[in-house]
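Undergrad: This is what each chain is made of:
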Amino acid sequence: MCGISAVFAYHPDAPPVDRDEVEAITQRMYPRGPDAGGTWFSDDGRVGLGSRRLAIIDLTPDGIQPMTDVSGQLVIVFNGEIYNHHDLRKRLERNGARFRSHSDTEVLLEMYKHDGPAMVDLLRGMYAFTILDKRDGRLFVARDPYGIKPLYIADDGRTVRIASQVKALLAGGRISRASDPAGVAGFFVTGSVPEPFTTFAAIRAVEAGSCFFVDASGPTAASCHYSIAEIYQRARSQEAVGTLVDPATLLGEFVHESLAYHLVSDVPVGAFLSAGIDSTTLVALIAEARREPPRTVTLSFEEFRGREQDEAPLAARFAAEIGAQHTTRIVTREEFLADMPRFFDQMDQPTIDGTNTWFVSKATAEQKLKVAISGLGGDELFGSYPSFRELPRIVRLARVPFATRLLRNPKAKSIARYGRSLAGAYLVKRGLFMPEELSLVLGDEAAREGLERLNIIERIRGVLDVDPGTDFGRIAALESTLYMRNQLLRDTDWASMAHSLEVRTPLVDAFLLRQLAPLLVVGGSKSKDHFAGSARPPLPDYLRNRRKTGFSVPLKEWLNLPPDGTTTRMRSWARHVFERVGS
Amino acid sequence: MKILLLCTDAYGGHGGIALFNRELVSALAELPEVEQIVVVPRIIVHEREPIPDHVQFVFAAARGRVSYLRALLRVLRETKFDLVICGHVNLLPLARLARQQPLLITHGIEAWKPLRDPLSNRLIHHVRGVVSVSALTRDRLLSWSHFAGETFVLPNAVRRERYGIRPKNQALVERYMLEGKRVLLTLGRIVAAERYKGFDEVLEVLPQLDRDVVYVVAGRGSDVDRLAQKARDLGVADRTIFTGFIEEREKADLYNLADVYVMPSRGEGFGFVFLEAMACGVPVIASCHDGGREALRGGELGTLVDPSNLAAIRVAIIDALAQKERQVPEGLSFFAFERFSERVHAIVRRVTS
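If you read the protein sequences in the order shown, they are chains A and B.
So the first sequence is residues 1 to 583, counted in the numbering used here.
So the second sequence is residues 1 to 353, counted in the numbering used here.
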């Protein structure tokens with residue numbers, strides 16, 4: 001787990017790479033990798049690579065980056081983990097490869113030599129990396145299927161700059177800070193900046209599940225190696241597979257496998273624990289697999305005491321029952337206010353989320369842990385968000401003439417306006433500000449320009465260009481590709497890395513989704529029950545029967561946010577965030 | 001000792017379960033303390049193999065359900081058995097007629113989820129023990145049934161002397177037009193209800209392989225037309241050969257046509273075909289998510305792939321095709337009949353002690 005950077009002056013007219021720029025970009029990512037750091041520059045001055053390293057696999061100096069292969073022709077910087085690196089290494093060794101280290105980084109180098117760009121299809125993990133191939137002077141760039149690890153690119157037509165964080169690219173001092181109205185509009189509409197936009201016009205996110213080259217003519221067209229919608233579509237023709245095995249049994253097997261891969265580490269692995277099904281089941285499965293439970297961490301807030309949002313008592317009870325070494329970490333308003341300057345400094349792009357991950361990561365790092373397992377992704381995978389039930393209802397309702405006029409719902413007008421399609425219904429459900437409200441926030445011109453380029457409905461609809469074929473598959477694809485990628489995963493990345501903690505998400509795994517999709521398509525939203533039933537012993541009833549609350553933080557109380565028409569006052573919080581991180 | 005085996009098929013049966021039962025009977029017959037084995041089969045589909053001494057094969061049972069029940073009751077009236085072996089979960093209600101706890105054998109998918117018949121689900125808890133052809137099948141059965149009794153893993157046996165590395169049979173090469181081709185082979189039933197064998201996945205990978213690589217789909221079934229259409233849609237119809245039903249006597253020659261045996265299935269309880277292919281020195285590719293994993297001894301004898309990952313299947317095929325020499329893996333001796341027989345004897349002694 002690291003922060004990486006690359007600067008490639010690909011055009012003959014481009015000035016040579018400025019070493020100070022690469023150093024500055026890399027140094028801005030120091031918290032992502034406090035264990036080691038380094039830069040590498042090509043002899044001709046056209047390429048500079050940088051890395052900050054958080055050592056998790058192969059703690060020796062052999063794992064240090066930038067790393068060069070045995071032949072000296074390939075140089076890599078890599079952020080993430082390749083969980084199946086042992087399997088891949090064995091295969092490469094059978095084919096004649098020899099290794100100098102035990103690191104997964106070196107496996108990537110050898111795979112590139114052996115398989116070329118097709119290597120990405122074989123990688124199980126979270127990753128963003130670039131490999132300089134000196135033989136043909138090209139840079140190969142790849143990002144993992146779900147977009148767990150971030151990667152941003154800025155191309156000025158002569159030089160390409162790549163880094164794990166937007167703020168790191170800006171720290172190099174060579175990129176325009178001109179705002180991108182589409183990114184800004186996207187933030188206010190969805191609560192996070194939707195990829196590929198950022199709030200800066202010059203910087204784009206590298207598409208998740210894609211790879212491409214940068215050669216003498218610049219970045220080539222990206223090719224996608226994974227599509228969540230396609231996985232669900234394919235699963236429809238595999239019903240025989242989905243009904244072959246008892247669902248809880250099969251779910252348990254596949255999640256066990258995913259967990260086993262996600263536990264590969266040369267340092268101890270802890271776990272975030274709430275009172276929800278996903279984290280408790282994962283912790284139970286870890287305990288079952290390892291014969292000892294992981295160290296667990298739960299947050300507690302005075303403001304929630306005695307209310308159903310307070311997950312600490314049930315989490316502590318469960319941890320005690322399975323014998324986990326558990327920490328309940330109390331977070332106060334004072335601590336929150338004291339942390340805010342650093343919180344906003346580390347927030348890479350504006351977002352209304354991330355506070356919870358910030359504190360639970362901080363608490364976990366205090367336990368001297370560098371890696372934690374999170375249940376993130378369970379709701380998208382098992383269809384347990386309310387959206388799985390509500391979106392089809394919204395669409396049905398919106399299609400009945402005049403029906404929305406009878407609604408008392410504050411979103412009634414939006415339902416009437418957008419709800420006739422699944423994409424529109426998704427916007428209504430997940431939207432923070434509706435597009436027509438944006439001029440009140442941004443002004444008429446910025447709102448119009450931003451919304452025009454953002455084209456939010458088409459952007460949502462685009463996720464379903466390949467039709468998953470069922471409402472479950474469609475909503476799962478929307479939630480995974482939009483909300484989870486743009487908000488949950490991105491926020492988990494910056495908020496955990498700010499504390500030098502690597503968060504692993506066994507339920508966000510491209511291999512797992514492919515394996516489970518036939519089962520999920522058959523089982524639909526019952527899948528969460530099957531998941532809860534997959535632990536041995538099964539989860540206790542006080543967890544299984546608990547109403548879902550989400551992982552929230554008492555922002556409203558802490559900041560005394562002004563009323564904004566929402567119960568959580570997230571619109572006020574969004575304005576607060578944007579004033580500090582938006583430009 | 002007198003042993004009763006209730007089974008779906010054995011002598012005169014086709015497929016993996018029939019073969020397993022024949023080997024089981026042969027192993028039981030080697031036990032010195034066994035004086036009589038009575039085998040009651042549900043079906044006989046073709047000419048019967050030789051039946052060992054002191055084995056009574058009740059032909060009359062295979063004429064239908066009523067005949068089966070009548071034959072079983074007659075056998076139970078005539079003989080008092082020391083051990084009743086129930087060769088399939090579907091036969092558990094009938095095994096109950098023997099008025100003693102049977103030893104249950106589970107082969108694969110029939111035991112991977114609760115049975116349709118609630119009675120059988122209950123009866124599982126009243127067996128003397130459960131024998132499974134793989135640890136995977138055992139674990140899946142235990143997972144939903146919560147059976148708390150004794151369990152045994154008894155993998156299939158392969159008799160290497162029936163196979164071996166042979167030159168390609170020219171008649172078959174000509175019949176399937178394989179001259180100068182590199183051959184991928186899958187052998188199995190091709191029916192819509194078993195659309196988990198991995199035929200689809202191999203077909204989907206085929207366009208990404210060199211043009212001289214062809215896919216021989218061996219077997220018959222109701223899903224052949226769909227697969228043929230899929231091959232046309234993928235532009236590989238000229239590289240896909242459907243052989244139809246393969247006679248037992250042609251199997252060794254068929255395997256010897258192959259450069260790679262590939263079956264990324266999700267539904268094998270064990271996967272006897274892998275043993276057969278390996279006994280012919282053919283590199284094999286199996287699934288890491290079904291019993292094939294154990295037939296390949298966790299990857300020691302061949303390559304395991306995730307059947308949902310087409311890229312992994314493609315790479316495994318390319319790597320296997322690159323193997324220069326064919327050889328029968330040494331580790332295959334783990335599945336020799338002698339070892340199988342030892343395991344059977346240990347199980348019988350354990351459950352009758």
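Heads up, some of the hints might be wrong.
Stated by the list, open to error - Computed list of lysine-lysine pairs in BS3-like fashion (alpha-carbon distance at most 25 Å, straight line):
1) Lys80(B) - Lys181(B)
2) Lys251(B) - Lys181(B)
3) Lys181(B) - Lys113(A)
4) Lys526(A) - Lys548(A)
5) Lys556(A) - Lys411(A)
6) Lys526(A) - Lys113(B)
7) Lys556(A) - Lys526(A)
8) Lys168(B) - Lys181(B)
9) Lys168(B) - Lys90(A)
Quick caveat, the hints were computed from the structure, so don't treat them as lab data.
Undergrad: Could you run down the list of hints and mark each one as holding or not?
TA: Outcome of the hint check:
1. For the proposed pair Lys80(B) and Lys181(B), the alpha carbon gap of about 58 Å is over 25 Å, so the pair is violated.
2. Taken as a hint, the Lys251(B) and Lys181(B) pair is honoured in the structure, with Cα atoms around 19 Å apart against an allowance of 25 Å.
3. With a C-alpha separation of about 28 Å, the suggested pairing of Lys181(B) with Lys113(A) is violated against the 25 Å cut-off.
4. A hinted pair counts as satisfied when its Cα atoms are at most 25 Å apart, and Lys526(A) with Lys548(A) qualifies at roughly 15 Å.
5. About 21 Å separates the Cα atoms of Lys556(A) and Lys411(A), which keeps this hinted pair within 25 Å; it holds.
6. This hinted pair checks out: Lys526(A) and Lys113(B) have alpha carbons roughly 16 Å apart, not beyond 25 Å.
7. At most 25 Å may separate the alpha-carbon atoms for a hinted pair to count; Lys556(A) and Lys526(A) exceed this at roughly 34 Å.
8. Our distance criterion of 25 Å between C-alpha atoms is met by Lys168(B) and Lys181(B), whose separation comes to about 12 Å.
9. The suggested pairing of Lys168(B) with Lys90(A) is violated, with an alpha-carbon distance near 32 Å, which exceeds 25 Å.
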